[in-house]
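Asks: For the record, the sequence lines run as chains A and B. For the first sequence, the working numbering assigns the number 1 to the initial residue and increments by one for each residue that follows. For the second sequence, the working numbering assigns the number 362 to the initial residue and increments by one for each residue that follows.
Rather than coming from a laboratory, the hints here were simulated on the basis of the structure. Please note that the accuracy of each hint is not assured.
[Said to hold, decoys possible] If you want the ones that stay clear, here's a sample from chain A, every Cβ over 12 Å from chain B, calculated: (1) E115; (2) T123; (3) D137; (4) A139; (5) R231; (6) R280; (7) I298; (8) M315.
[As the list claims (entries may be wrong)] Covered stretches of chain A, going by a simulated chain B footprint (3 or more residues, C-beta under 8 Å): (9) 12-20; (10) 42-48.
Every residue gets a Cβ at the ideal spot worked out from N, C-alpha and C, and that includes glycine.
Number of protein chains: 2
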Amino acid sequence: MTTQEFSQPGRLAQDGEGISLEELALAARNHGMPLEALRYDVTPAGLHYLLIHYDIPDLNPETFQLTVNGTSTVTFTLDELRAMPSATVRVTMECAGNGRARLLPRPVSQPWLVEAVGTAEWTGVPLHEVLTRAGIDPAAVEVVFTGADHGIERGVEQDYQRSLPMAEAMRAETLLAYQMNGLPLLPQHGFPLRLVVPGWYGMAHVKWLTRIDFVAEPFQGFQQATAYRIRQEPGEQGEAITRIAPRALMVPPGFPDFMTRTRVVRPGPVELTGRAWSGRAPLEGVEVSTGQDWHAAILEADAGHQWAWRRWRYMWNAEPGEYTLKVRAVTQDGETQTDDTWNRGGFTNNAPQEVRVVCVA
Amino acid sequence: MTTQEFSQPGRLAQDGEGISLEELALAARNHGMPLEALRYDVTPAGLHYLLIHYDIPDLNPETFQLTVNGTSTVTFTLDELRAMPSATVRVTMECAGNGRARLLPRPVSQPWLVEAVGTAEWTGVPLHEVLTRAGIDPAAVEVVFTGADHGIERGVEQDYQRSLPMAEAMRAETLLAYQMNGLPLLPQHGFPLRLVVPGWYGMAHVKWLTRIDFVAEPFQGFQQATAYRIRQEPGEQGEAITRIAPRALMVPPGFPDFMTRTRVVRPGPVELTGRAWSGRAPLEGVEVSTGQDWHAAILEADAGHQWAWRRWRYMWNAEPGEYTLKVRAVTQDGETQTDDTWNRGGFTNNAPQEVRVVCVA
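Go ahead and model the full structure; you've got the sequences and the hints to work with.
Replies: Shown next, in the form of structure tokens:
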């Protein structure tokens, strides 16, 4: 049997094709954030979304070394990294595939609905400190990051690898993180070391980071040139995915039906609340619809956390009936959320969340 | 709109019906344990399986009180519970619905494959200490536990409630737990207080516990008399689900294909390893199949952790080809895992795990 027989190209689901057991197996490992957890400024351990391409590696922190191939090759132990200058940044991270399973036709991959998000406080060494110590190659246009996560994807055996342009790598807030929320990284979040690139979709934040290289030409690895690109047709080069598009999500109000997750509220004032974020231009506002029109919600300030979600709220006077509640974010550049987001890989689908609510007396 | 219109009876999927978006929404919130995490004696935070019927409640530990209606009504604050005698028990917990999505026809509910399991160290007050302090009703046959998790299920609005027979409630190792792995409970695992009943399926371990009552007749609440029963036909009274059936699981060897999770190994010796457990009779052994026959694996001792999984291992000499690896546990009572496990609710399906492996030179 060749790898091509069990490791196939991407495909679109057929008309009416339900979620497959293969998609379900990914959903059972790679969980989203239950939306009531939007109540927390910082997502508690285990509720932050997770997307792991292959297996969680089993790395030994005692023998762990990060290798940086700069103008010289320098290795760093964890103790050496911990002894360097450190910074802590609160970051809202979202999977580039969030919203994929709501697209029609549905791209067959990790089948996210809307919950592939979370916010954490990451502590680590600013990446530029490490790059500078190894010597920055003057010819470099990008930095390539290699993780220990190993597998096959669409016929290509690989360690997970991604690159960043030099300017993104040298940002003050781009970190090599060894702590999440004040504790050592959990195994599933990249223990003992991962990259954190505030404002970018999750695929850039390479977990279980073991090696850094400079390259003089744009990196052509699988996760850069094949995956994580916006394409309408299979043959296109496509557009690289970088920063997080604006999105607002709502804590589903009232209480749920177990199976359908339909929400039940009682008549009267119901405070709708949630979070909104953007890795692009800063947010300008959040709008809520309980029927036809969009209404401005109150958007709280970022309280100094530029790369984290912001709370919003809107007072709804619920009357008996059925509703589809929606919410959308708008940036200072005028970018907002639309339903016109389809692409072949099912990326960056920030179509507004829809929450089905029944108000019963 | 009535609650019956959006909160329907249980049903079976039709022939060829894929996983629905409603089942997927449950899978996105209620995650399993990635099977490589079978490597850990105690499952790290966030990798333990989760099944939450409704929403994660937001309870304030400062004002939290547990009410126990014994021969008198006694309330306990968290500080009062922490000041009482404590015990720590390592427990392997499994969802009663584990394996449901592998059944044909598939019962439509939380669509677990095989990964709804985890092991934690729970610390708390032995339940019998609290019951004794409130005064045990001499007429009681069961103890009823009420959680703060509120919702609707098959038309019935409810707080999550389950009961235990007196003998199970009075076991030394049945705990009111306020710590998991040495830290306060995470919100999703029942913060600030939950019931832990070693050896029982997860539905018994009531989370966000707020009230305890004695009853003189067997409890007839929804989660006891309607849900969590083994039935072949809808009208049957059915058999109550209690203790965990034996099961062994394998760490998938080699490395995976992203989408199909097919495993790739190289020719030569491959150590297969994993964990096995039983909430019924103790384990006698574990058997592995790499083709037609079952072979005895080495099963490690329980090291004093009677209610936790045990490690097993088996050396396989892989040759190029395609394989479906299987593993099964056998108890000292001779109970083992079979494929004949179908029931209408999709409970206790411990059919042997199947791991598809390709050995390529």
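Asks: Hint by hint, say whether it matches the structure.
Replies: Taking the hints in turn, this is what the structure says about them:
Distance to chain B contradicts E115/A as a non-interface residue, since its nearest Cβ pair spans about 5 Å, not more than 12 Å. With a minimum CB-CB distance of about 17 Å to chain B, T123/A clears the 12 Å threshold, and the non-interface call stands. With a least CB separation of 31 Å from chain B, D137/A remains clear of the 12 Å interface cut-off, as annotated. With a least CB separation of 33 Å from chain B, A139/A remains clear of the 12 Å interface cut-off, as annotated.
The beta carbon of R231/A sits about 18 Å from the closest Cβ of chain B, which is more than 12 Å, so the claim that it is off the interface holds. With a least CB separation of 25 Å from chain B, R280/A remains clear of the 12 Å interface cut-off, as annotated. With a least CB separation of 20 Å from chain B, I298/A remains clear of the 12 Å interface cut-off, as annotated. Look at M315/A: its CB is around 19 Å from the nearest CB on chain B, clear of 12 Å, so calling it non-interface holds up.
Chain B is given as covering the segment 12-20 of chain A, and this holds because 4 residues of the stretch bring a CB closer than 8 Å to a CB of that chain, at least three being needed. Here the segment 42-48 of chain A counts 5 residues with a CB under 8 Å from a CB of chain B, which clears the bar of 3, and the coverage holds.
The structure fails to meet hint 1 from the earlier list, while all remaining hints are met.
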